[in-house]
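**Q** Please model the entire structure based on the sequences and the hints provided.
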Amino acid sequence: MGFFDKLRKINIFGMATELNDDFYDELEESLILADVGMNTSLRVVAELKKRVKEKGIRTMNEAREVMKEILMESLDQGTSRLRIYTRPSIVLFIGVNGVGKTTTIGKVGARIKEMGKTVLFAAGDTFRAAASEQLTIWAERCDVPIVKQGEGADPAAVVFDAINSAKAKNINVVLVDTAGRLHNKANLMNELNKISRVIKRECPYACKEILLVLDATTGQNGLVQAKQFMETCGITGIVLTKLDGTAKGGIAIAIAEELKVPVKFVGMGEGINDLKQFDAREFVDALI
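Numbering (this note's numbering), first residue to last: 4 to 291.
Incorrect hints may have been included.
Stated by the list, open to error - Think about it this way: if two alpha-carbon atoms lie no more than 27 Å apart in a straight line, the pair counts; the simulated DSSO-like pairs of lysine-lysine are:
| hint | residue 1 | residue 2 |
| --- | --- | --- |
| 1 | Lys230 | Lys279 |
| 2 | Lys170 | Lys203 |
| 3 | Lys230 | Lys170 |
| 4 | Lys263 | Lys52 |
| 5 | Lys203 | Lys245 |
| 6 | Lys120 | Lys172 |
| 7 | Lys230 | Lys197 |
| 8 | Lys53 | Lys116 |
| 9 | Lys245 | Lys116 |
| 10 | Lys52 | Lys116 |
| 11 | Lys172 | Lys230 |
| 12 | Lys245 | Lys263 |
| 13 | Lys279 | Lys116 |
| 14 | Lys120 | Lys211 |
| 15 | Lys71 | Lys56 |
| 16 | Lys52 | Lys71 |
| 17 | Lys230 | Lys263 |
| 18 | Lys116 | Lys172 |
| 19 | Lys245 | Lys197 |
| 20 | Lys211 | Lys279 |
| 21 | Lys230 | Lys211 |
| 22 | Lys245 | Lys230 |
| 23 | Lys120 | Lys71 |
| 24 | Lys172 | Lys203 |
| 25 | Lys170 | Lys197 |
| 26 | Lys58 | Lys120 |
| 27 | Lys71 | Lys211 |
| 28 | Lys58 | Lys71 |
| 29 | Lys116 | Lys203 |
| 30 | Lys56 | Lys120 |
| 31 | Lys279 | Lys71 |
| 32 | Lys203 | Lys71 |
| 33 | Lys211 | Lys197 |
| 34 | Lys203 | Lys53 |
To be verified - Derived DEER-like restraints, expressed as beta-carbon distance ranges:
| hint | residue 1 | residue 2 | range |
| --- | --- | --- | --- |
| 35 | Lys53 | Ala189 | 56 to 64 Å |
| 36 | Lys116 | Ile60 | 15 to 23 Å |
| 37 | Lys120 | Asn14 | 39 to 47 Å |
| 38 | Thr235 | Arg84 | 20 to 28 Å |
| 39 | Asp282 | Lys58 | 42 to 50 Å |
| 40 | Ile60 | Glu136 | 50 to 58 Å |
Quick caveat, the hints were computed from the structure, so don't treat them as lab data.
All C-beta atoms in this analysis are idealised placements derived from N, C-alpha and C, irrespective of residue type, glycine included.
**A** The structure is reproduced here in structure tokens:
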């Protein structure tokens with residue numbers, strides 16, 4: 004079974020027999036139901052109509068391949084690879100509570116270790132009592148060091164300590180957990196700005212990624228969250244978690260196209276190996 008085989012598929016191509024108005028209407032509805040979103044669905048279907056006409060396409064198989072090309076283009080918003088070329092590189096993980104942020108940090112840390120790089124965790128979510136404990140469990144599981152302070156500590160101070168520890172130990176990548184308080188955007192902005200200032204001051208040459216972790220099962224609510232985080236603090240990539248079971252998958256296309264940022268990773272389960280670097284071709288093949 005392939006990594007994306009649990010996705011809810013857009014199966015309109017299996018039911019339709021003619022490339023007519025009814026087909027395009029049903030395709031549009033299927034895309035919307037698959038969480039591709041209204042705006043992206045309308046654009047995709049209009050583009051499919053245009054290319055079918057220009058190329059003189061007559062068969063469903065040909066139309067399906069054109070559809071895949073269009074969706075691939077929507078997802079092509081930059082590389083899915085992390086920019087972690089400096090020593091240290093800094094990766095901030097942001098997102099609301101409950102999306103699987105801490106678990107994702109653990110899984111990404113394990114992947115980076117498999118690449119032969121050294122990793123350090125920074126427990127920057129000092130707002131939620133259990134966050135540091137959860138990250139400590141992942142640090143032990145992945146056998147990586149962790150820098151943390153007590154509940155209510157200044158997250159920027161944690162990042163300061165983590166960067167200097169990474170420098171002293173010659174560590175490749177620092178993965179930073181952050182608090183998920185989107186309901187108070189002013190506090191979140193101030194907190195992330197302070198962290199960014201610390202990184203710039205202590206490690207001005209460092210590669211920096213800001214990854215937004217989203218629960219794929221929330222559908223269009225995930226897109227709303229993504230837009231708010233983009234406005235608040237900017238993001239360089241998306242991690243979609245829980246992309247199994249009830250998740251429809253199309254949200255990846257909507258977010259990539261509307262925010263113009265790449266999907267970096269997708270999670271399909273709770274295991275340490277259930278996180279995969281995003282592959283647009285494999286994803287679209289599974290979805291359609």
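**Q** Against each hint, give a clear statement of whether it holds in the structure.
**A** For each hint, the structure was consulted:
In summary, the hint linking Lys230 to Lys279 is supported, as the alpha carbons are separated by about 24 Å, within the 27 Å threshold. Between Lys170 and Lys203, the direct Cα distance comes to roughly 14 Å. Compliance with the 27 Å bound is thereby established for this hinted pair. The hinted pair formed by Lys230 and Lys170 fails the criterion: a straight-line CA distance of about 34 Å is larger than 27 Å. Taking the CA atoms of Lys263 and Lys52, the gap is about 24 Å. The hint holds against a cut of 27 Å.
With a CA separation close to 33 Å, the supplied pair Lys203 and Lys245 exceeds the 27 Å bound. About 13 Å separates the Cα atoms of Lys120 and Lys172, which keeps this hinted pair within 27 Å; it holds. A distance of roughly 21 Å separates the Cα atoms of Lys230 and Lys197; the hinted pair therefore holds under the 27 Å criterion. For the suggested pair Lys53 and Lys116, the alpha carbons sit about 46 Å apart, so the restraint of at most 27 Å is broken.
This hinted pair checks out: Lys245 and Lys116 have alpha carbons roughly 23 Å apart, not beyond 27 Å. At most 27 Å may separate the alpha-carbon atoms for a hinted pair to count; Lys52 and Lys116 exceed this at roughly 46 Å. Between Lys172 and Lys230 the CA atoms are separated by roughly 37 Å; this puts the pair beyond 27 Å, and the hint is violated. Between Lys245 and Lys263, the direct Cα distance comes to roughly 22 Å. Compliance with the 27 Å bound is thereby established for this hinted pair.
Taking the CA atoms of Lys279 and Lys116, the gap is about 14 Å. The hint holds against a cut of 27 Å. Of the supplied pair hints, the one linking Lys120 and Lys211 holds, its CA atoms being roughly 16 Å apart against a limit of 27 Å. For a cut-off of 27 Å, the pair hint linking Lys71 to Lys56 stands: about 16 Å separates their Cα positions. At roughly 13 Å between alpha-carbon atoms, Lys52 and Lys71 fall within 27 Å of each other, so this suggested pair holds.
Using a Cα cut-off of 27 Å, the hinted pair Lys230 and Lys263 holds, with the two alpha carbons roughly 11 Å apart. Note on Lys116 and Lys172: the hinted pairing holds, with a Cα-Cα distance of about 15 Å set against a maximum of 27 Å. For the proposed pair Lys245 and Lys197, the alpha carbon gap of about 31 Å is over 27 Å, so the pair is violated. Note on Lys211 and Lys279: the hinted pairing holds, with a Cα-Cα distance of about 20 Å set against a maximum of 27 Å.
Restraint check for Lys230 and Lys211: satisfied, since their Cα atoms lie roughly 20 Å apart, inside the 27 Å limit. In summary, the hint linking Lys245 to Lys230 is supported, as the alpha carbons are separated by about 20 Å, within the 27 Å threshold. In summary, the hint linking Lys120 to Lys71 is not supported, as the alpha carbons are separated by about 35 Å, beyond the 27 Å threshold. A distance of roughly 19 Å separates the Cα atoms of Lys172 and Lys203; the hinted pair therefore holds under the 27 Å criterion.
Distance check on the hinted pair: Lys170 and Lys197 sit about 20 Å apart at the alpha-carbon level, within 27 Å; holds. Note on Lys58 and Lys120: the hinted pairing is violated, with a Cα-Cα distance of about 48 Å set against a maximum of 27 Å. Proximity of Lys71 to Lys211 is assessed by CA-CA distance (about 32 Å); at most 27 Å being required, the pair is judged violated. Of the pairs offered as hints, the one joining Lys58 and Lys71 holds, with about 15 Å between alpha carbons and a cut-off of 27 Å not exceeded.
Simply put, Lys116 and Lys203 have alpha-carbon atoms about 25 Å apart, close enough for the 27 Å limit, and the pair holds. In summary, the hint linking Lys56 to Lys120 is not supported, as the alpha carbons are separated by about 50 Å, beyond the 27 Å threshold. The hinted pair formed by Lys279 and Lys71 meets the criterion: a straight-line CA distance of about 21 Å does not exceed 27 Å. At most 27 Å may separate the alpha-carbon atoms for a hinted pair to count; Lys203 and Lys71 exceed this at roughly 41 Å.
Annotation: proposed proximity of Lys211 to Lys197 holds, straight-line Cα distance about 15 Å (limit 27 Å). For the suggested pair Lys203 and Lys53, the alpha carbons sit about 47 Å apart, so the restraint of at most 27 Å is broken. One distance hint, 56 to 64 Å for the beta-carbon pair Lys53 and Ala189, is violated here, with the actual separation near 44 Å. The hint said 15 to 23 Å for the Cβ distance between Lys116 and Ile60, and at roughly 47 Å that hint is violated.
In this structure, Lys120 and Asn14 meet the distance hint of 39 to 47 Å, their C-beta atoms being roughly 41 Å apart. One distance hint, 20 to 28 Å for the beta-carbon pair Thr235 and Arg84, holds here, with the actual separation near 25 Å. Separation of Asp282 from Lys58 is about 26 Å and departs from the stated range, judged on CB atoms against 42 to 50 Å. About 56 Å separates the C-beta atoms of Ile60 and Glu136, a value consistent with the hinted range of 50 to 58 Å.
Hint compliance for this structure: hints 3, 5, 8, 10, 11, 19, 23, 26, 27, 30, 32, 34, 35, 36 and 39 are broken, all remaining hints hold.
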